[in-house]
Structures are given as C-alpha cells and as structure tokens.
Amino acid sequence: MLSPQTPETKPVKLSVRNMDFRYGEKKVLDGLSLDIHAERVTAIIGPSGCGKSTFLKCFNRIHEVSSAVKVSGDMQIDGVDIYRGGIDEVDLRRRVGMVFQKPNPFPKSIYENVAFGPRLFGVKDRATLDGIVEDALRKSALWDEVKDRLKESATGMSGGQQQRLCIARALAVNPEVLLMDEPCSALDPIATAKIEELIGELKENLTIVIVTHNMQQAARVSDYTAFFWLGKLIEMDLTERIFTTPRERMTEDYLTGRFG
Amino acid sequence: MPAAISYRPRRLSRVTDRVMRLALWGLALAFIAVLAVFVGAILKQGWPVLNLGFLTRMPETLDAGGGIKPEIFNSLYLVALSLAISLPIGLGAGIYMAEYAGQGRILRFLRLCIETLAATPSIVLALFGMIVFVQMMGWSFSIRSGAVTLALLNIPVITRVTEVSLLAVPRELKEASYGLGATRLQTILKVALPYAATGILTGLVLTAGRAFGESAILVFTAGTNTSQTFPDFRLTVPGETLSVHLWYVTSDGTLPDAREIAAGTAAVMIVVLLVLNLSVRFLDRFIRRRTR
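Top line first, the protein sequences correspond to chains L and C. The working numbering puts the first residue of the first sequence at 1, with every later residue one more than the last. The working numbering puts the first residue of the second sequence at 261, with every later residue one more than the last.
Honestly, the hints are just simulated from the structure, not real lab data. A couple of the hints might just be wrong.
Below, computed lysine-lysine pairings styled on DSBU-like, alpha-carbon distance capped at 30 Å [unchecked claim]:
| # | chain 1 | residue 1 | chain 2 | residue 2 |
| --- | --- | --- | --- | --- |
| 1 | L | Lys-70 | L | Lys-108 |
| 2 | L | Lys-194 | L | Lys-139 |
| 3 | L | Lys-27 | L | Lys-102 |
| 4 | L | Lys-70 | L | Lys-232 |
| 5 | L | Lys-194 | L | Lys-147 |
| 6 | L | Lys-194 | L | Lys-102 |
| 7 | C | Lys-304 | L | Lys-139 |
| 8 | L | Lys-70 | L | Lys-27 |
| 9 | L | Lys-108 | C | Lys-450 |
| 10 | L | Lys-194 | L | Lys-108 |
| 11 | L | Lys-102 | C | Lys-304 |
| 12 | L | Lys-10 | L | Lys-26 |
| 13 | L | Lys-147 | L | Lys-108 |
| 14 | C | Lys-304 | L | Lys-151 |
| 15 | C | Lys-329 | L | Lys-124 |
| 16 | L | Lys-147 | C | Lys-450 |
| 17 | L | Lys-27 | L | Lys-232 |
| 18 | L | Lys-232 | L | Lys-203 |
Per the computed footprint, the stretches of chain L lying under chain C, defined by three or more beta-carbons under 8 Å from a beta-carbon of chain C, are [unchecked claim]:
| # | segment |
| --- | --- |
| 19 | 32–41 |
| 20 | 44–56 |
| 21 | 159–171 |
Using N, Cα and C, we set each Cβ at its ideal position, and we do this for glycine too.
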C-alpha cells in the first residue's frame, strides 16, 4: 500500500474535472474533480445513495445503455475525453471493464463465459481462445478449481466463484481499467477475502476503482480513498491518511460511525 | 405508541387461506375434467374411423369412404408457409420494440396497433385476404393466398411474444455483455435472444396451433378444394385444410359418411396438436438446459 512518505510515481489514468451528472432533472453528481492513478486501487466510499455507483458507471458509459443521462464537465482517460473526445463507447467498455454488485455470469459454460469477450472481437482460433481462457482464469485465481469442468454451466458455481468468473471474463478482453461496483456485497467473508487478495495481485498492471460499503475493505485493498456524500466529493487522499488523519470533519465522522 | 394491538395468529386468516387453496385446487381439477371429457369424446367418436386407409386415401366428393391425405398435407404445409412468412417479420418487429424503440409515444401507438391486429376477428382477416389476395392480386383460392393471410394472423402474436420474452431478459446479463464491449446487435444475438428462446418458442407453438386450427381465413383464401396430385407443393393450387374439411363436409352434406369423416378429422387434429405441444415441451427443456 502506498504510504505518505513515498511520492506517487504512477501517471494519472483517469482524470475528472468539474463533473456533473444529471438523471432527468435530478442532479446526482455535483462538481466532482479527482485523479485516479494507473496501477493503483482507488476506493470510493460513502453512504447509500451518495452517487458512488453512478460515478463508477460514468467511466465506461454503461448507464447510457438503459437511460438517457447527461454528463457535463470533463472526464478523461489517458488525457482523452470520455464523452467528447471522439471515443467509441463500445471500445471504451472494452478498455474499461466492469465487475458488478451481483455476480452475473451468462447462462453458458464456464469456458464460454470467459471466451465471450474475445469472441466479440473475432477471436475464433481454438488454441488462442483456450490460451486466453486459461490465462484469465489463472489471473482470477479460479483455474485450479474449474480446469476440469470448463464445460459445466457457470450458474452452478458458488457465489464467490461466480464473481471471480466475472472478473476472469472482464480480464479476457485485456482491459486497462477495472471498475468494481461493490463486488463483495453478495459474498461471504471467505469469498470476500479471496476477491480482496485478487485485487492486490491485479493492480500490478491494471487501474482499479472499487466502490464499497465496507470501510474496512477500503482500508485493506486501496491505495487511495475518496469519500462521497450526497453527490459531492468531500475528500480524497491516500487511504492511509484518510483513515488516520482525515482533513475533513465529515470524513472522520463517517469513518467513526457518527453518521451514515 | 398504541397499546393494545394483538399479534396473536388470527384463526380466520388461516381458514380463508385453506378455503382459497381448496377452491383453486377444485377449479384446476374441474378444468382438467372438462378437457378430459372433451378430448375423450372427440377421440372416442373418431377412433373407429381412424385407420391407415382414412389417412392415406384421397377425399371423395359424393361417395362414402373418402380419406383426408391431402388435407393433412395442406394443413401442415400452410402452417409452415405462414410461419416462414410471419416469423422473420414478427421476430424483427418484436426485437425492434423491445430493444430499439424508445419509451415514447410512437412505441405506445405501435403496440396499440399490434394489439388491435391481434384481437381482430379472423373472419375480418379472411375477407380482407379474399378481397386483396384472391381478387385484387388475382391469386384466386390458393395456397399462397391462404399462407399470406394466415401470416397476418400470426404476426401480431409472434411480435408480442418476442417483445415480452426479450423484456424479461435480466438487465444484469445485458449489462455484462455491454460491459465487455459488445454492441447492441451482439448483445441481442448472443445474450438476449438465447435467453428469450424458450419464451419465443412457446409463443411460436401457440401460433402454429392457432394457425393449424384456423378455418374462416382458409375457407375464403385457400378454398374448399384440393389438388388431385399428392404431394402438391405448388403455391397456386387450392389447398383445403383439415379444419376447413371438417367444416365443409358437415355443412355441405352431400357425403353419406360426413359424420364419420368429421369425427375422424377432428381426432387427427387433436392428435397432431398434442404431438406438437409435447415435442415443444421436450425442445423447451433441451434449450433451457443449454441456455439457463
């Protein structure tokens, strides 16, 4: 974990400036500005309804699939604006993968779940696909558990396995960023611990943004923590600093359970 | 805080619960009984008539002893043709309504149109088909007039079933697909349609069954005669179906054995529908095992 004594060496991957998000008439996110560094884990915490999940979904524009939304201000990936920089949203979603709150494997075999993404991009060669599937399953620490039953349905796996399969599925298209929307909220403590361990390994070459309700989880897995409240960013800093010496009174109150 | 609320279990609510369960059970039983009596009566009357000769002979126009070979063929051929026309259109329209059309006024209007079309009495479609295809287009009483008009009966049902089945696909699955960089079309083809397949299939069978039993439309478009060659795949010849035959022999009254032929025809129809429904059950279970 990054400590206040060592300077940040990683470049900014995602940058947000004065960003507002409107859903219909309602302003859900208000004037957000923050930077997310490559190969770091950034946690977003805050009470329910503070807009953390909405914020996360802005990075891959997945909310556009189901409803009309309005984003103003700047959101950039590698210095290119996500909304106005001429980025194709389909390509963006390949680069910015997502793991959802509830494990959502396709009702297909384990193998087909992981191969789904590569197939979208025209990978047909069996050996290549086999390699991608094995690699993704190894990275998500699932390979040893499932290598003998790749043809079995993914819906028959345990919740924790399903969630790691969803991570493998996301990794199979070689994303640069992984967005995780409360990935452990439906899992038991053992499965949660496995996912958290995985996050630590994956950040070697991925930018990870994780929304979590669990403050201990944020403290355990993240390098940076951002505290949201009612659609506003109250404070963002190194996780170590947020949890020991927050600058804002509100952050401290939330972390110590005085409100929220 | 109000003091005296009793949270003791209420006797009455348990009694009503039990009474309701019994009543619903009784209703279901009554329905099955009616159905059993109905099917039993048809099969009982038709059974003595059913033999290989009846199924493989050509129909007679004046004498007793005619068969229903071409009618069986025409029925299946017309259902297949009408589905071949209505499936692509209905599927396409359903996909459009579920996945592409927004939530606006146009969609509501479109849905109203389709529901109206679905509720249109078949005799109205029959006369429309006769005026447009039989007369204006000059197709006369033929397989093609019948198939196209029958397709008009199928399209709204297939459209609606497709739309409803697609709307029932869990949002999480579509999100997962989009999240991996899938386009809308890829998501529809690879995630939504496979998931919706069993629902669409069930609707398709209901549609096929309805088309199979349809008489009014075919009396006015496919006619009450049949080609003398067998099997005749030409689209321009008249094609009397089983249900039309059933109606025709009983209302025309020139055949001495009209009653027996009607009973046998009805029994064949019931058996075909049973086989159709059962085979779909199996197919449905097969697909479900592979896609859910």
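Here's how the hints hold up against the structure:
1. Under the criterion of a C-alpha separation no larger than 30 Å, the hint pairing Lys-70 (chain L) with Lys-108 (chain L) is inconsistent with the structure, at around 35 Å.
2. Straight-line distance between C-alpha atoms of Lys-194 (chain L) and Lys-139 (chain L) comes to about 12 Å, which keeps the hinted pair within the 30 Å bound.
3. Simply put, Lys-27 (chain L) and Lys-102 (chain L) have alpha-carbon atoms about 26 Å apart, close enough for the 30 Å limit, and the pair holds.
4. A distance of roughly 17 Å separates the Cα atoms of Lys-70 (chain L) and Lys-232 (chain L); the hinted pair therefore holds under the 30 Å criterion.
5. Using a Cα cut-off of 30 Å, the hinted pair Lys-194 (chain L) and Lys-147 (chain L) holds, with the two alpha carbons roughly 18 Å apart.
6. Annotation: proposed proximity of Lys-194 (chain L) to Lys-102 (chain L) holds, straight-line Cα distance about 16 Å (limit 30 Å).
7. Between Lys-304 (chain C) and Lys-139 (chain L) the CA atoms are separated by roughly 67 Å; this puts the pair beyond 30 Å, and the hint is violated.
8. For the given pair, Lys-70 (chain L) sits about 9 Å from Lys-27 (chain L) by alpha-carbon distance, which is consistent with the 30 Å threshold.
9. For the hint pairing Lys-108 (chain L) with Lys-450 (chain C), the CA-to-CA distance comes to about 11 Å; that is within 30 Å, so the pair holds.
10. Among the hinted pairs, Lys-194 (chain L) with Lys-108 (chain L) is consistent with the structure: their alpha-carbon atoms are about 24 Å apart, no more than 30 Å.
11. Under the criterion of a C-alpha separation no larger than 30 Å, the hint pairing Lys-102 (chain L) with Lys-304 (chain C) is inconsistent with the structure, at around 55 Å.
12. In summary, the hint linking Lys-10 (chain L) to Lys-26 (chain L) is not supported, as the alpha carbons are separated by about 36 Å, beyond the 30 Å threshold.
13. For the given pair, Lys-147 (chain L) sits about 16 Å from Lys-108 (chain L) by alpha-carbon distance, which is consistent with the 30 Å threshold.
14. Between Lys-304 (chain C) and Lys-151 (chain L) the alpha-carbon distance is near 49 Å, which puts this suggested pair outside the 30 Å criterion.
15. Annotation: proposed proximity of Lys-329 (chain C) to Lys-124 (chain L) is violated, straight-line Cα distance about 49 Å (limit 30 Å).
16. A C-alpha spacing of about 24 Å is found between Lys-147 (chain L) and Lys-450 (chain C), which places the hinted pair at or below 30 Å, so the restraint holds.
17. For the suggested pair Lys-27 (chain L) and Lys-232 (chain L), the alpha carbons sit about 11 Å apart, so the restraint of at most 30 Å is met.
18. At roughly 27 Å between alpha-carbon atoms, Lys-232 (chain L) and Lys-203 (chain L) fall within 30 Å of each other, so this suggested pair holds.
19. Counting residues of the segment 32–41 of chain L whose CB lies closer than 8 Å to any CB of chain C gives 0, which falls below the minimum of 3, so the coverage claim is violated.
20. With 0 residues carrying a beta carbon less than 8 Å from a beta carbon of chain C, the segment 44–56 of chain L misses the three-residue requirement, and the given coverage is violated.
21. Counting residues of the segment 159–171 of chain L whose beta carbon lies closer than 8 Å to any beta carbon of chain C gives 3, which meets the minimum of three for the stated coverage.
Hints 1, 7, 11, 12, 14, 15, 19, 20 from the earlier list are contradicted by this structure; the remaining hints agree with it.
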